[in-house]
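The listed protein sequences derive, respectively, from chains A and B.
So the first sequence is numbered by numbering that gives the first Met the number 0: it starts at 0 and just counts up by one.
So the second sequence is numbered by numbering that gives the first Met the number 0: it starts at 0 and just counts up by one.
Rather than coming from a laboratory, the hints here were simulated on the basis of the structure.
Careful, some of the hints might be misleading.
With a cut-off of at most 20 Å between alpha-carbon atoms, the simulated SDA-like pairs for lysine to any residue come out as follows [said to hold, decoys possible]: (1) Lys321(B) x Ile308(A); (2) Lys398(A) x Gly332(A); (3) Lys12(B) x Tyr24(B); (4) Lys100(B) x Leu262(A); (5) Lys287(A) x Glu270(B); (6) Lys265(A) x Lys286(B); (7) Lys265(A) x Gly125(B); (8) Lys286(B) x Glu283(A); (9) Lys221(A) x Lys265(A); (10) Lys340(B) x Leu262(A); (11) Lys276(B) x Ala117(B); (12) Lys276(B) x Pro314(A); (13) Lys265(A) x Glu96(B); (14) Lys276(B) x Glu283(A); (15) Lys169(B) x Asp108(B); (16) Lys100(A) x Cys220(A); (17) Lys116(A) x Lys81(A); (18) Lys340(B) x Ala313(A); (19) Lys20(A) x Asn5(A); (20) Lys286(B) x Ile308(A); (21) Lys220(B) x Gly125(B); (22) Lys200(B) x Lys286(B); (23) Lys276(B) x Leu25(B); (24) Lys276(B) x Leu262(A); (25) Lys222(A) x Gly332(A).
Each chain, letter by letter, is given below.
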Amino acid sequence: MIDIYNELTTIIDKDYVSNSKEELYMYGRDPGLMPAHEPEYVVMPTTVEEVQAIIRLANREKIAVVPKGGGLSLTGLVIPQKGGILLDMKRMGKIIEVNEKGGYAIVEGGTTHGALKSCLLKNYPHLRHSIPDSPPIATVVANAVIHGQGRLTQQRGFNSDMVSGLEVVLPTGEVCKIGSCAVSQYWFSKGPPMPDLSSLFFGWFGTTGVITKLGIKLYPCKKYRDPVLFLTDRAELVPDIMRKLGRTEMIEDLVVNAQPIPLRYKDNYYILFYITGDTEEELEFKRKMCWNVLWDYFERREGGFVSLIPEMKAPMLSMPSKDTTRFADVSKGGGFEYSGPIAPIEKYPVYVKKLIDLAEKYSLFYSSAARMIDGGHSMMFSFSYTFNRADPQTMKRAKDALDEAAEFAVENGGVMWKPNIDEQKMTMKKMDPNTLELMMRIKKLLDPNGIMNPGNWEVSR
Amino acid sequence: MPQLVFDREKCAKCKTVPCLTKCQYLSLDAAAAKKEWQKIINGEDSFVLEACTTCYACEEYCPHGNHPFYMIVDRQEEKGILPSPRPIITMWVNQCEPVGKFTVGLMQDKALSYCFLAHFNALAHGKLFESIEYSVVFGQEFFCNAVYLHYARLSVARARLPGVMENIRKQGIKELICLHDECYATYASLAPAYGMEVPFKPVHYYEYLVERLKSLKNEVKPLGLRVAYQRNCSTRLIPQIDPVLDELFKLIGVERIDRKYDRKNALCCAEIFRMAKGPDLADDVQKRNLDDMQAVNPDYVVFNCPACWDSLAGRVAERGLKPIHIIDLCKLAIGEEQSLKLSKMEAEV
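Isolated chain A (complex conformation) (with noise of 0.2 Å):
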């Protein structure tokens, strides 16, 4: 039998392999609910090689990786399910080229989202790309691999919608160019005009091979951004005035949160939405405009428009937005999550009434961002819970009104978003059984021997 750790260590620099209890402590949880399993080792490769040689091993051995970003999904989704080997990607966080005419980046596998965001505002102030609202450590890949959604999801879809080509090492250690990269220098296109292979990997979870390079578009980043905050008290009005904002499609992004504190929220829905110009004309007409297609919520007094003085903008305007932190410690003991699902904008009031009555039965403080996705098509719906780390019983009422929410927002026409493996097991439970098929084959054929993230997308027959 080889020594896996000693195989390990031919391939990267010992001190970046670790099979120590602590670190292993570290790499079996994440923030959120899920139960913790530990790796048996972790490894932090800084180039392609090395990632193929790892998986090359562990294909042969027939041993688990799992390939970690910022570990940030809350619902376990690199949890080593099977132990194995956690490939922690954070050494390979190379910004490689930021092509300004094309306006995309190439960033590596590890790459963050706050160190591409830095680097577009030093070097290229005028280009922006599609932040999400998650710590800045989250990762520009793991992100797309989760379909993220950031600050342009509303105009431009979910971040993986801007995925401009990938570099990925395949289960079995081949590395493959996907999209216009495959046969050409540029990286404008992640499939067309050939087959977009690029599904093979977002919302797969690292189940079918491991992104080492990735192509992210990047969009104009205007001079003037304005956050814009309008008030209804009824749930039932929301997806039209969501309607309605996306439809002037003169709006960036649109989220809607409800929540009960701080108290100027409670009993009301707080929709936020941000306008941009290159000139104060421009961002006046985008104003005006917004202002033209909700005047009769205003007229009937259902609904409102706060006036926001530059202390309130702040962290308004700030990327990515600091509340969901301050929210994750409401209940003390730092402990957060949500189920999100991908849903319809006509199912807001259901989802959010469900929000509440679920609190109030778990006795859980609540609070829930619904982001609108491409125009409005869809939106990402949070049911977000608080719970004290330290109080296993409120943990257990949350991952219990995690589990309730998730059920109703499935039975409701709603697909989980970054779903923990139970929530897997429920989507694929609902799943039509020729694209769950379908879905096996292709696991099968890319994964022969199932060593990557095992646990995830799992089909028992």
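Please arrange chain B on chain A, whose structure you already have, making use of the hints.
Okay, now just chain B, sitting in the frame of chain A:
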């Protein structure tokens, strides 16, 4: 619940009805005004109740001290009229609700009230506030609640005010120096109008500054400046304080420019109008006010109310004028620096 002390006779004898005829947002002659006002007194429907912008000015226009504005607000609430959209009102009612978290400093007989405005943390320091700067109350528990005049929710103010005043009394405060004009207006006008006993002596911070500057007279160097004054809504509830401001300006060698939109013809910051009536009215009022400020070419535009500061100071600066709070203007006169400045907010992308 405390009720408005209102004298019908005074209104019955009033021939000119200035509360409505002088209103900057209505156009009524005395006969029409009399008719509408009678409807309001009688509890009947009047278009005035819907049209009211809640600028507070009628309180000042009434020569009899009969509180026409409080009457209007009471009637609006009775009739379920919403001067602003319901969710905006809800937000205001909720966010200022006392929650039992006291924020107090090292209390003395005399104390400063920051109301619920963090601006005063920057302003209320230095020589002008020596010996009293840490004797401070702040937050919902000490919030004057006058803002509900804008939202036809005087019932909230009436319900909460006794508790707020008791909270202040319990701190052992005999004299409350109100840094927010609206707080003084609450204790000197609103509470007495509803027959509420105020268990401490309210002091307007203009009065405090006058006394303080007199005691520092050897250090005061007349500024020799000409300023445009931005009069805020709550000054309409306490017009007796306006001469104190003139005295204050005199003490520091400042000329209050006689401009179109000051004194009784003042325009408020109008930001409430934006939430209540929409952007057109707010933009118009603000433009007229700013044009007028610009036309008199002041050295500074002087603010009393932090809410006006938030609404207008940035726009003032965009016109190439210099905004300053009155406390800071006094600080300049004793060689100290301006402490409340426009926040530099760079849009993060």
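List of violated hint numbers, smallest to largest: Going through the list in order, the structure violates hints 3, 6, 7, 9, 10, 11, 12, 17, 22, 24 and 25 and respects the others.
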